[in-house]
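These protein sequences, in sequence, are chains P and L. Taking our numbering, the leading residue of the first sequence gets 1, the next gets one more, and so forth. Taking our numbering, the leading residue of the second sequence gets 1, the next gets one more, and so forth.
Keep in mind that the hints were calculated from the coordinates and are not lab data. There may be inaccurate statements among the hints.
Identical copies carry no separate label here, and so any pair may be met within one copy or between two of them.
Stated by the list, open to error - Below, simulated BS3-like cross-link-like pairs (lysine-lysine); rule was C-alpha separation at most 25 Å, straight line: (1) LYS205 <-> LYS289; (2) LYS205 <-> LYS168; (3) LYS207 <-> LYS289; (4) LYS168 <-> LYS289; (5) LYS168 <-> LYS207.
Protein chains: 2
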Amino acid sequence: MAEAVRNTAEGLDAGLVEAALDAARAGDAARVEALLEPVHPADVADLLEQVSETDRDALLAMGSAVIDGEVLSEISDAIREEVLDALPDDVVADALRELDSDDLVDIVEDLEAEDQGRLLGAMDAADRVAVEQALAWPEHSAGRLMQRELVVAPEHWTVGEAIDFLRKAEHLPDQFYHVILVDPRMSPVGYVTLGRVLSAARGVKLKAITEDSFRTVAATDEEADVAYIFNQYHLISCPVVDGSGRLVGVITIDDAMTVLDEEHEEDMLRMAGVGGESSIQDGVIETIKGRIPWLFINLITANVSALVIGQFAGTIGQIVVLAALMPIIASMGGIAGTQSLTIAVRALATRDLTVSNAMRVVRREAAVGAINGLSFAAIMGLAGWLVLGVPMLGVVLAMAMMINLCVAALAGILVPLAMDRLGFDPALASGTFVMTVTDVVGFFVFLGLATVMLL
Amino acid sequence: MAEAVRNTAEGLDAGLVEAALDAARAGDAARVEALLEPVHPADVADLLEQVSETDRDALLAMGSAVIDGEVLSEISDAIREEVLDALPDDVVADALRELDSDDLVDIVEDLEAEDQGRLLGAMDAADRVAVEQALAWPEHSAGRLMQRELVVAPEHWTVGEAIDFLRKAEHLPDQFYHVILVDPRMSPVGYVTLGRVLSAARGVKLKAITEDSFRTVAATDEEADVAYIFNQYHLISCPVVDGSGRLVGVITIDDAMTVLDEEHEEDMLRMAGVGGESSIQDGVIETIKGRIPWLFINLITANVSALVIGQFAGTIGQIVVLAALMPIIASMGGIAGTQSLTIAVRALATRDLTVSNAMRVVRREAAVGAINGLSFAAIMGLAGWLVLGVPMLGVVLAMAMMINLCVAALAGILVPLAMDRLGFDPALASGTFVMTVTDVVGFFVFLGLATVMLL
Numbered sequence: 001m002a003e004a005v006r007n008t009a010e011g012l013d014a015g016l017v018e019a020a021l022d023a024a025r026a027g028d029a030a031r032v033e034a035l036l037e038p039v040h041p042a043d044v045a046d047l048l049e050q051v052s053e054t055d056r057d058a059l060l061a062m063g064s065a066v067i068d069g070e071v072l073s074e075i076s077d078a079i080r081e082e083v084l085d086a087l088p089d090d091v092v093a094d095a096l097r098e099l100d101s102d103d104l105v106d107i108v109e110d111l112e113a114e115d116q117g118r119l120l121g122a123m124d125a126a127d128r129v130a131v132e133q134a135l136a137w138p139e140h141s142a143g144r145l146m147q148r149e150l151v152v153a154p155e156h157w158t159v160g161e162a163i164d165f166l167r168k169a170e171h172l173p174d175q176f177y178h179v180i181l182v183d184p185r186m187s188p189v190g191y192v193t194l195g196r197v198l199s200a201a202r203g204v205k206l207k208a209i210t211e212d213s214f215r216t217v218a219a220t221d222e223e224a225d226v227a228y229i230f231n232q233y234h235l236i237s238c239p240v241v242d243g244s245g246r247l248v249g250v251i252t253i254d255d256a257m258t259v260l261d262e263e264h265e266e267d268m269l270r271m272a273g274v275g276g277e278s279s280i281q282d283g284v285i286e287t288i289k290g291r292i293p294w295l296f297i298n299l300i301t302a303n304v305s306a307l308v309i310g311q312f313a314g315t316i317g318q319i320v321v322l323a324a325l326m327p328i329i330a331s332m333g334g335i336a337g338t339q340s341l342t343i344a345v346r347a348l349a350t351r352d353l354t355v356s357n358a359m360r361v362v363r364r365e366a367a368v369g370a371i372n373g374l375s376f377a378a379i380m381g382l383a384g385w386l387v388l389g390v391p392m393l394g395v396v397l398a399m400a401m402m403i404n405l406c407v408a409a410l411a412g413i414l415v416p417l418a419m420d421r422l423g424f425d426p427a428l429a430s431g432t433f434v435m436t437v438t439d440v441v442g443f444f445v446f447l448g449l450a451t452v453m454l455l
Numbered sequence: 001m002a003e004a005v006r007n008t009a010e011g012l013d014a015g016l017v018e019a020a021l022d023a024a025r026a027g028d029a030a031r032v033e034a035l036l037e038p039v040h041p042a043d044v045a046d047l048l049e050q051v052s053e054t055d056r057d058a059l060l061a062m063g064s065a066v067i068d069g070e071v072l073s074e075i076s077d078a079i080r081e082e083v084l085d086a087l088p089d090d091v092v093a094d095a096l097r098e099l100d101s102d103d104l105v106d107i108v109e110d111l112e113a114e115d116q117g118r119l120l121g122a123m124d125a126a127d128r129v130a131v132e133q134a135l136a137w138p139e140h141s142a143g144r145l146m147q148r149e150l151v152v153a154p155e156h157w158t159v160g161e162a163i164d165f166l167r168k169a170e171h172l173p174d175q176f177y178h179v180i181l182v183d184p185r186m187s188p189v190g191y192v193t194l195g196r197v198l199s200a201a202r203g204v205k206l207k208a209i210t211e212d213s214f215r216t217v218a219a220t221d222e223e224a225d226v227a228y229i230f231n232q233y234h235l236i237s238c239p240v241v242d243g244s245g246r247l248v249g250v251i252t253i254d255d256a257m258t259v260l261d262e263e264h265e266e267d268m269l270r271m272a273g274v275g276g277e278s279s280i281q282d283g284v285i286e287t288i289k290g291r292i293p294w295l296f297i298n299l300i301t302a303n304v305s306a307l308v309i310g311q312f313a314g315t316i317g318q319i320v321v322l323a324a325l326m327p328i329i330a331s332m333g334g335i336a337g338t339q340s341l342t343i344a345v346r347a348l349a350t351r352d353l354t355v356s357n358a359m360r361v362v363r364r365e366a367a368v369g370a371i372n373g374l375s376f377a378a379i380m381g382l383a384g385w386l387v388l389g390v391p392m393l394g395v396v397l398a399m400a401m402m403i404n405l406c407v408a409a410l411a412g413i414l415v416p417l418a419m420d421r422l423g424f425d426p427a428l429a430s431g432t433f434v435m436t437v438t439d440v441v442g443f444f445v446f447l448g449l450a451t452v453m454l455l
């Protein structure tokens, strides 16, 4: 399988990984450090995630030769507690000192209380205050996502004043793309891109060269909504304000990109009936915990289907071939339902399915269901007649296929719309509901028609 | 349904939409323009996508009151040809003039040859050349994605020289975040963030303040790989080089974010058996075209299951309750297989499933399958015994459940790994293969065991 699966991460070749592991196993911290020095922290984090637990422990025993702030920030939530527990306090403290407040919050917020306390204790006082203030905002809010390091200027400043200020500033954020203009009450009133600051003459007023795209988000806004705004309006950074309109932080596009990525992942996993936070790094127990609930729900809905089939035991006893044919009708409905469901869940997530077009989309799905239903009804009808030699069985197959594909198309759009209306995540349970509908309707219609028309 | 579905886009309230549509229907272009002027182009594009075809035509008849370059660039591929066909040449030409080369390429590349010719004809000569050069790169490559507007400086320049150059420059790109340093052969050798340029003293050499994160991509690289690099290494912009290492363009993070978004969508849609480019705006015919292939493949695989069941007609004829119970075993396998498949497809897409951990993940899936199998085997075994009153039926149910859940967990990981190894997109067909395996195995094991143990 060696070449099959993509080669680990870009910056990690198999030779380097082996050499680093050998050095770590031999306890040669200097060599490990030399080997990993040119590797990007994101790739070091991937390395730690992908090796076995024993090898991970050997690497972590190398302390700061392997772990710095960036690596700690990049590492998957699934193994972060394990990594932190394996590291001595001074290595953790050194690593934390390198990070901006938004990265610190990201590391601390998902930890258990005990680990949180340990990390807060290891931080500088200023960082600790910043993190504690951020944690006061709700989970998954803009307040948790933002960085507090800001570059602001009074709204009356000129380009020259801004440049002089920046040259004199002692500590600037690692990343900033705008100078935010604030009024005397610290409310943001506009921003100027650094490109504009650089290309304008020194005497130009900042206010004269602000960007049209300027908008702010509230610290209590959901991070998913913030990600949507970045994607929709192509923002690079966005100031965050508190309840009284004061500037409290800024969110940059790389954080928004991470949120967008996580939201997608959650939708995809939820649709498949796996916990939205599941990951390839989870252990066996966590994996089972994430999967058992939906298997259990499916067991119940599958038993409903079995009950429906049981009602027609007499019919099946007389015409056994029905038992072989009925899963075809159910499974075609399942596929058609999943198809229309997926389009709907995705369109709800990207806000392309709205009040203005919901009815048109429902009508389109109905039309698609009817036409696909007719096509496959024709195929199955002919097959039933010609292959099985019973014309009436062909008619039953065709009618059941037609009805189930129409029901599937409509359930695929109406169930997620209804979930969304009721305030649930349409990705969460729509799949199970839609499959239950197509199974139950499929079995009932097919066996029911067979009972009426063939007996 | 009015409040259920999320309110169109942020910038569009229902009142504004109605007012704009009324004005458009009345042919009042001035009023439409006044109403839409404060609306973000991305929201105007959403409006055009979400209204009915008749309303869209009324809006498009307003010409430049509705359409500018940004709107044209934001509009969904699904309706772009229709929009372009409805617009007079001068409106299109004015709109195109506002856009950077990467946006022009994005608009032109998916059009049919005739429309492409019309748009290229409407462009300024310089834009046309830029677009034609971009189209010479392969589809979905970095060369298609990049913008050609660049901010470069010789590697020996100082901060002051760079600032003076930028102040004098006549035309700067709409977005730029770095000054790219090039050697005399135009090979990029590093870049400096604008924040650093602004905060450093005029005499500082640019070479002394370049970023560690610097890396380049080749114009022929896949855009999906470029998006991965941006996400993995938190890049903001990335220079693009041709085969001889010369700088030919730059990709910015907003374009990478769009690609990431599209890749996710493709994976999600492909897993559901819908064409990867399907959209909520597609017409009935396109929708059917996207869905028929997988329905057809499913029809074939469902018939394989039916053949398997058919082999046991004799058994079912004697014990009809088996027909009601067999879909439970198959459907539980389907869910378990989809769960493990989704985690695997996602991990392959994010490159978290690699050579280093593939065997460990396979072992974990086997363990999860065995434990879930045992749990649900116990439940079904007891149910078979207590509810149905036939102890041996309980044993058959339990054994079939156990085997099918193990097979499901393994198929869910091994099928996508194999697809990836063979160079296919694991999202594409894995679902169908895994479901076929769990259906066939489920029916075969359950009915086979029943034949051996109950007859």
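Status of LYS207 relative to LYS168 across identical chains (alpha carbons, at most 25 Å):
both (22 Å within a copy, 21 Å between copies)
Is it within a copy, between copies, both, or neither that the alpha carbon of LYS205 lies no farther than 25 Å from that of LYS168?
both (20 Å within a copy, 18 Å between copies)
Copy assignment of LYS207 with LYS289, given that the CA separation must stay at most 25 Å
neither (55 Å within a copy, 53 Å between copies)
Are the CA atoms of LYS168 and LYS289 at most 25 Å apart within a copy, between copies, both, or neither?
neither (54 Å within a copy, 62 Å between copies)
Evaluate LYS205 and LYS289 at a C-alpha cut-off of 25 Å and name the case that applies: within, between, both or neither.
neither (59 Å within a copy, 56 Å between copies)
When each numbered hint is compared with the structure, violations occur for hints 1, 3 and 4.
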